[in-house]
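Enquirer: Construct the entire structure; sequences and hints are all you get.
Residue numbers (the working numbering): 295 to 409.
I should point out that these hints are in silico values taken from the structure, not numbers from a laboratory. Remember, it's a predicted structure, so these values are computed and weren't measured experimentally. Yeah, the Cβ is synthetic: ideal placement off N, Cα and C, and Gly gets one too. Please note: incorrect hints may appear among the correct ones.
Pair by pair, the computed Cβ-Cβ distance ranges are [as the list claims (entries may be wrong)]: (1) Q356 / F394: 17 to 25 Å; (2) G313 / Q356: 15 to 23 Å; (3) G336 / A390: 22 to 30 Å; (4) D335 / F394: 33 to 41 Å.
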Amino acid sequence: AYAYRDLAEALVLNEAYDGEPIVVTFDPDSRAAAVFERTVDGQALTFEPGEHSDGTTMRDAQTGSLWSTAQGVALDGPLEGAQLKQLPSFVSFWFAWSDFYPQTAVYQPGGTPEA
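Expert: Right under this line is the structure:
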């Protein structure tokens, strides 16, 4: 689980879930979050927020391609047109979620991503 404040600060988080590289994205204006596998053609990509830091784009460190954080599609660069696989994710109030899933792990800022 990720707190809004942590997502709003980072905008893009490179993580792993069940050993698979994922990226969690956040648009602070709409408060929308999305989760994608961050592997393209067998290569795990590492993302950072796009130049405008408005939460709508991210750039991969490996090729410099610019990506949509909402759709997971490469907009420009060597991987233009590539599509990240979107994973199911949910936005919920913590008090409600934790009542049903009390063992949920909570993201701690400053951790290192698993690839």
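Enquirer: Determine for every hint whether it applies to the structure shown.
Expert: We went through each hint and held it up to the structure:
1. Q356 / F394: 17 to 25 Å: violated, 38 Å
2. G313 / Q356: 15 to 23 Å: Distance hint for G313, Q356 holds at roughly 20 Å.
3. G336 / A390: 22 to 30 Å: Since G336 and A390 have Cβ atoms about 38 Å apart, the given range 22 to 30 Å is violated.
4. D335 / F394: 33 to 41 Å: holds, 38 Å
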